[in-house]
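Student: Whenever a hint applies, use it, and build me the whole structure from the sequences.
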Amino acid sequence: MQTDAVPLLKDYATYETTLPVRELRQGKPLALYQLPFYVAAVDLDAFAKQMSCELAQRSTVDYIAASSHSGKSASVLVGFLRSREGILGDKALEFTHYLYMPFSNNAGNFHSNYVDDEELLVSACGKSPKKREALGACYMRDCLRAQVSEGEYIDVWNPPDTIPIFKATAKVLQEDVSTFMQRSPKGVLLVHVDEHRSMCPDPDFRRGALRVLAELPRVQVLATYTDIPPLPGQKSSETCRRPIACLLPDVKTIMDERLQMCFLDLMDEAVLLRVATLRVTIGLALQKLLLAGLHFNDSEVDELLNKLNEILANEGEAVKRLENCIEECNQKWMIDAAEESEHLIDLLCGIKEQSKKVREQRFPQVVALQGILTAPLEVLMRDSDPNDPANKLHRRCQSRFKSVLRVNPKAAVTAGKVLEHAYLWVLACKSYKLEEVTFGEEVVDFQCKSVKPGYIFGNSNSLDSAKVAGMKQATLYYAEGNHPCADIFFKDDTGALYLVDVGGTSDMMKARKKVQKMNDIVCHERLRDDLGELMGVVLLPNIMNISLEEAEQTISETIMVTGAEARNLLGGLVQLLAWLSPV
Numbered sequence: 026m027q028t029d030a031v032p033l034l035k036d037y038a039t040y041e042t043t044l045p046v047r048e049l050r051q052g053k054p055l056a057l058y059q060l061p062f063y064v065a066a067v068d069l070d071a072f073a074k075q076m077s078c079e080l081a082q083r084s085t086v087d088y089i090a091a092s093s094h095s096g097k098s099a100s101v102l103v104g105f106l107r108s109r110e111g112i113l114g115d116k117a118l119e120f121t122h123y124l125y126m127p128f129s130n131n132a133g134n135f136h137s138n139y140v141d142d143e144e145l146l147v148s149a150c151g152k153s154p155k156k157r158e159a160l161g162a163c164y165m166r167d168c169l170r171a172q173v174s175e176g177e178y179i180d181v182w183n184p185p186d187t188i189p190i191f192k193a194t195a196k197v198l199q200e201d202v203s204t205f206m207q208r209s210p211k212g213v214l215l216v217h218v219d220e221h222r223s224m225c226p227d228p229d230f231r232r233g234a235l236r237v238l239a240e241l242p243r244v245q246v247l248a249t250y251t252d253i254p255p256l257p258g259q260k261s262s263e264t265c266r267r268p269i270a271c272l273l274p275d276v277k278t279i280m281d282e283r284l285q286m287c288f289l290d291l292m293d294e295a296v297l298l299r300v301a302t303l304r305v306t307i308g309l310a311l312q313k314l315l316l317a318g319l320h321f322n323d324s325e326v327d328e329l330l331n332k333l334n335e336i337l338a339n340e341g342e343a344v345k346r347l348e349n350c351i352e353e354c355n356q357k358w359m360i361d362a363a364e365e366s367e368h369l370i371d372l373l374c375g376i377k378e379q380s381k382k383v384r385e386q387r388f389p390q391v392v393a394l395q396g397i398l399t400a401p402l403e404v405l406m407r408d409s410d411p412n413d414p415a416n417k418l419h420r421r422c423q424s425r426f427k428s429v430l431r432v433n434p435k436a437a438v439t440a441g442k443v444l445e446h447a448y449l450w451v452l453a454c455k456s457y458k459l460e461e462v463t464f465g466e467e468v469v470d471f472q473c474k475s476v477k478p479g480y481i482f483g484n485s486n487s488l489d490s491a492k493v494a495g496m497k498q499a500t501l502y503y504a505e506g507n508h509p510c511a512d513i514f515f516k517d518d519t520g521a522l523y524l525v526d527v528g529g530t531s532d533m534m535k536a537r538k539k540v541q542k543m544n545d546i547v548c549h550e551r552l553r554d555d556l557g558e559l560m561g562v563v564l565l566p567n568i569m570n571i572s573l574e575e576a577e578q579t580i581s582e583t584i585m586v587t588g589a590e591a592r593n594l595l596g597g598l599v600q601l602l603a604w605l606s607p608v
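Position 85 of the sequence shown, counting from 1, maps to 110 under my numbering, and the rest follow consecutively.
Worth flagging that the hints you see were computed from the coordinates, not collected in a lab.
Treat the hints with care, since some could be wrong.
Below, computed lysine to aspartate or glutamate pairings styled on DMTMM-like, alpha-carbon distance capped at 20 Å [as the list claims (entries may be wrong)]:
| hint | residue 1 | residue 2 |
| --- | --- | --- |
| 1 | 477 | 466 |
| 2 | 192 | 167 |
| 3 | 377 | 505 |
| 4 | 211 | 110 |
| 5 | 497 | 461 |
| 6 | 211 | 79 |
| 7 | 192 | 282 |
| 8 | 516 | 466 |
| 9 | 260 | 282 |
| 10 | 155 | 175 |
| 11 | 516 | 410 |
| 12 | 427 | 342 |
| 13 | 74 | 110 |
| 14 | 516 | 505 |
| 15 | 156 | 263 |
| 16 | 345 | 293 |
| 17 | 535 | 470 |
| 18 | 458 | 470 |
| 19 | 474 | 461 |
| 20 | 155 | 293 |
| 21 | 427 | 365 |
| 22 | 155 | 110 |
| 23 | 497 | 517 |
| 24 | 477 | 532 |
| 25 | 427 | 364 |
| 26 | 156 | 110 |
| 27 | 53 | 325 |
| 28 | 417 | 364 |
| 29 | 192 | 180 |
| 30 | 332 | 263 |
| 31 | 277 | 263 |
These numbers were taken from a predicted model, which means no experiment stands behind them.
Tutor: As structure tokens, this is what we get:
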């Protein structure tokens, strides 16, 4: 790739200056490409494969929308390098060149924005969307030319007196890109456009800037920011946007490498469950703090990890030490006062990426997952949405969920409880808004108005008919105490009782036993004439597809929701599964 014909590629030292960096409060800028990247191999492979997947006959701008400090900028280069290792199959794009184009941050090395004054924009090209797109295309052409040909970033951009049509600019840009790629007939250029909204507040201008690159042959654009690019969804025949979920840090590896866990008895279930919850709270703390702080001393992340090691090194019961670690992490991400966030509950439930809301409404702080937009976990767990009728319900579930993550004698601090209360929270809010709950192909008429603790079993795994009769409709109950099964239960609009069990296991045998137990209880209790209609549901988000061939009895009376369908029911809280490893 090195060549004197392209100034940026004359030597590695020159090219290296254009790779992403982050400015530290003290000291020189931190070169992200020189640092270890904590990620699970399976997650990295999936990420690189998605980056390299080409949509037939259609230009796309891939995008990663995630919170600040989440590692989204660093992840693109990592994905590019992984794709170069030839593990993705024949249908993957074979990236040969990587160009990082920042429009803000990057330790001050970025292309300056055009204008943030509507009057200046009107004077340059009027209010015509096509002219504004054409102007954005000119801007991108000049930014790329300055970076590739001169190794520089644009400080002040002056638009041309006469704005060429979009196609004319694209033709000129095609020649520049071809020169940069040394006219390689098989080369594929990955252009990483960072902080895309900083180009210009006008969406038409930015659309033109992104389109002019994305529509060139053998060029793939990937944009990163806390917002989505101003392009239509994938159902459009035009150049469209395509979400890629941000890589989350591999908290397990960070814990293994940075924490003194060797003194813990991981064969003790109470210890193991608290380790799983600690993994969640460390993940939440890392989202709040600067991830790059993992790599230098005296950062907030470094101070947190040192404090956790001090706690772990203390004498005393292991369970208590782990609970103190959990509390220490919680103090890092729970410190901010709650804010009011518009559309927060919609984002909690998960807004479909193709939704009309996305086309008509800007969501300035979003996380793009597989097919949905949501908010960062920290925001979901902190903020309220007073304008949403479901806000009171949201706040109660939010408070209950956070109590599970705290050291609270009334709420067992276990990985299982975390997952159960995540489902409780989203099912409550989603059913309030949709007036139904969907389990696989089963659509249940139910609108939650409140959540309450409850216990409906008597002796020998039998339901207590009096307690069942006393259950209120429009109420989602969570199990209080040692429930034989059914972490969540409710009566639908017809009075039918639904028992919902949640399993975080990825072990097929354990999953079968959970399903079998629910099925046995449902079959047995249906023989009674004092209970009414009864349905059993088991949610298994970490089992992609359950096989019941080895089950002790035929499973016929239980709805099993597994894999992607079970994860969809978690809405935005599905982000937890990156840290909530099966126990």
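Student: None of the hints should be skipped; say for each whether it holds.
Tutor: Against the structure, the hints:
| no. | hint | result |
| --- | --- | --- |
| 1 | 477 x 466 | 27 Å, violated |
| 2 | 192 x 167 | 15 Å, holds |
| 3 | 377 x 505 | 34 Å, violated |
| 4 | 211 x 110 | 16 Å, holds |
| 5 | 497 x 461 | 16 Å, holds |
| 6 | 211 x 79 | 15 Å, holds |
| 7 | 192 x 282 | 53 Å, violated |
| 8 | 516 x 466 | 18 Å, holds |
| 9 | 260 x 282 | 44 Å, violated |
| 10 | 155 x 175 | 30 Å, violated |
| 11 | 516 x 410 | 27 Å, violated |
| 12 | 427 x 342 | 24 Å, violated |
| 13 | 74 x 110 | 11 Å, holds |
| 14 | 516 x 505 | 17 Å, holds |
| 15 | 156 x 263 | 17 Å, holds |
| 16 | 345 x 293 | 13 Å, holds |
| 17 | 535 x 470 | 30 Å, violated |
| 18 | 458 x 470 | 12 Å, holds |
| 19 | 474 x 461 | 12 Å, holds |
| 20 | 155 x 293 | 65 Å, violated |
| 21 | 427 x 365 | 18 Å, holds |
| 22 | 155 x 110 | 41 Å, violated |
| 23 | 497 x 517 | 10 Å, holds |
| 24 | 477 x 532 | 31 Å, violated |
| 25 | 427 x 364 | 16 Å, holds |
| 26 | 156 x 110 | 42 Å, violated |
| 27 | 53 x 325 | 18 Å, holds |
| 28 | 417 x 364 | 15 Å, holds |
| 29 | 192 x 180 | 26 Å, violated |
| 30 | 332 x 263 | 52 Å, violated |
| 31 | 277 x 263 | 42 Å, violated |
In this structure, the hints that do not hold are numbers 1, 3, 7, 9, 10, 11, 12, 17, 20, 22, 24, 26, 29, 30, 31, in rising order.
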